[in-house]
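Undergrad: Chains A and B are the protein sequences, given in the same order. Number 276 marks the last residue of the first sequence (numbering that gives the first Met the number 0); no jumps. Number 276 marks the last residue of the second sequence (numbering that gives the first Met the number 0); no jumps.
What the hints contain is simulated information worked out from the structure, not anything from laboratory work. Each hint should be verified, as a subset may be incorrect.
Chain copies aren't distinguished; within one or between two, either way the pair holds.
As the list claims (entries may be wrong) - List of simulated lysine-lysine pairs, PhoX-like, C-alpha gap at most 20 Å:
(1) K159 x K173
(2) K161 x K113
(3) K11 x K82
(4) K11 x K43
(5) K161 x K173
(6) K26 x K173
(7) K12 x K131
(8) K161 x K197
(9) K113 x K159
(10) K271 x K11
(11) K12 x K84
(12) K113 x K139
(13) K231 x K131
(14) K150 x K173
Number of protein chains: 2
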Amino acid sequence: MNQQQLFEQIQKKQSFLCVGLDTDIQKIPRHLLDTSDPIFSFNKEIIDATEEFSVAYKPNLAFYESLGSQGWESLEKTIMYLKSKYPEIFVIADAKRGDIGNTSNLYARAFFDKLDFDAVTVAPYMGEDSVKPFMTYLGKWVILLALTSNKGALDFQFLKDKESGDQLFESVLKTSQNWGTIENMMYVVGATKAEKLKEIRQIVPDHFLLVPGVGAQGGSLKEVAQNGMNSKCGLLVNSSRGIIYASVESDFVEKAKLAAKDVQEEMSELLKEAGLV
Amino acid sequence: MNQQQLFEQIQKKQSFLCVGLDTDIQKIPRHLLDTSDPIFSFNKEIIDATEEFSVAYKPNLAFYESLGSQGWESLEKTIMYLKSKYPEIFVIADAKRGDIGNTSNLYARAFFDKLDFDAVTVAPYMGEDSVKPFMTYLGKWVILLALTSNKGALDFQFLKDKESGDQLFESVLKTSQNWGTIENMMYVVGATKAEKLKEIRQIVPDHFLLVPGVGAQGGSLKEVAQNGMNSKCGLLVNSSRGIIYASVESDFVEKAKLAAKDVQEEMSELLKEAGLV
């Protein structure tokens, strides 16, 4: 999927919502545990309930890996279901991978060939040759960690380079722009630092940004939109727990739908204010 | 496994060799493709042939994930085989994971609970709360990326902090020492920068270091030992391709054994020179 196609989906649905499929076997409604694949059953129900209001889904790999090969099977089924039933949906592997070149090649194969993800999140620490292999697939994307939303972001991401004066996350944004284009790179920018979004938009005006941490992690959607939107929207805002665990009872489908609809309605207003729909 | 037990294994085998199980379906001998699980069959043969000469094994997860849930099954079988047949072997998941706290918790569950790895490699970019969850398991280890052996290491790992003057990899070494102890943390230090090992030993004199890149990636074992050894050896040196693909013909078992034996003999000499055996 290219940038224009993604923007068209955003316009069509008046939404830039990404639903995080952080599916935890210990948190899903009990009655699903009787199905042959509870994780997949849950995802399927959540996807069908929320697809109308969202343009992207983002399974976090940790939730699947914690169940071993069975979890990996649930992931495979989820992606196949998404891609066959909703081919216009953008699907992100939140995997935070990154390794030496020939190994990153294999991760790319895992997520783009073996599975049909549109994008994968990648950690920048190992530099260019750990990131570039993910960008050799036409229509596929790297989403590089720049500024994360957790407390540990303070440990290294704000260290200031002696020579340029740039903080590490700024160096990551600047240096990595030479590795790809606005058609195959996005950045992760934590929403708990909404005031930082303005600065980041100076460095990467045209890239899409994946913003986690709105809702449960405390960011404000309005602030994110005001500081981060560009002429193609340029934002995917993720919500996980606030939607998928809106209820853990038998009404979870209905409640997830309502939660996604709420977010979509707010997004629709923000897109209208920006003159994008 | 604690540090003393690892050192005892090193003394017993006169080896600090870690064999990298970077098992690529496209590179293993063709006759194995007829077995029900070629990846596991290959690993089993390689392990049996080299165990006498090595203290650790390190599957790189990318190789398994690139085969989807089947690859994950091969990995599960490999770990179970290792742990049941050779319980004194140290097994490292070369996964380079790292995510926000509650998600890193799930990765820890994946590698330490669901699988019985002794250690997992972790990327430092997201800071303390992304690393600590791996250290809550008694006898299990985090191996944090500090200085990697690839070209991309130059992109960010050498950026100099304005305030302290430390390069990023030095900041990682210094800051992360507060997160764990010499009993639950090691560091990845690329051997192609053997001259850097001396500097690194000033910062982390007592930690174990995992050194990739000897052999195929060009480091010298002698230099690594001279600059990196401490009173408990303090080194695990990895070799992957040089051993597991010493031959890709039907004599691969024998050739892998000889390659591992060669490295072990050199290591034995180096340990003797250092007065450690």
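Undergrad: Now, for every hint given, state plainly whether the structure supports it.
TA: Hints, verified against the model:
{"no.": "1", "hint": "K159 x K173", "result": "both (14 Å within a copy, 16 Å between copies)"}
{"no.": "2", "hint": "K161 x K113", "result": "neither (43 Å within a copy, 44 Å between copies)"}
{"no.": "3", "hint": "K11 x K82", "result": "within (18 Å within a copy, 54 Å between copies)"}
{"no.": "4", "hint": "K11 x K43", "result": "neither (22 Å within a copy, 53 Å between copies)"}
{"no.": "5", "hint": "K161 x K173", "result": "both (16 Å within a copy, 18 Å between copies)"}
{"no.": "6", "hint": "K26 x K173", "result": "neither (40 Å within a copy, 38 Å between copies)"}
{"no.": "7", "hint": "K12 x K131", "result": "neither (32 Å within a copy, 40 Å between copies)"}
{"no.": "8", "hint": "K161 x K197", "result": "neither (23 Å within a copy, 24 Å between copies)"}
{"no.": "9", "hint": "K113 x K159", "result": "neither (40 Å within a copy, 40 Å between copies)"}
{"no.": "10", "hint": "K271 x K11", "result": "within (12 Å within a copy, 71 Å between copies)"}
{"no.": "11", "hint": "K12 x K84", "result": "within (17 Å within a copy, 56 Å between copies)"}
{"no.": "12", "hint": "K113 x K139", "result": "within (13 Å within a copy, 31 Å between copies)"}
{"no.": "13", "hint": "K231 x K131", "result": "neither (24 Å within a copy, 39 Å between copies)"}
{"no.": "14", "hint": "K150 x K173", "result": "between (23 Å within a copy, 18 Å between copies)"}
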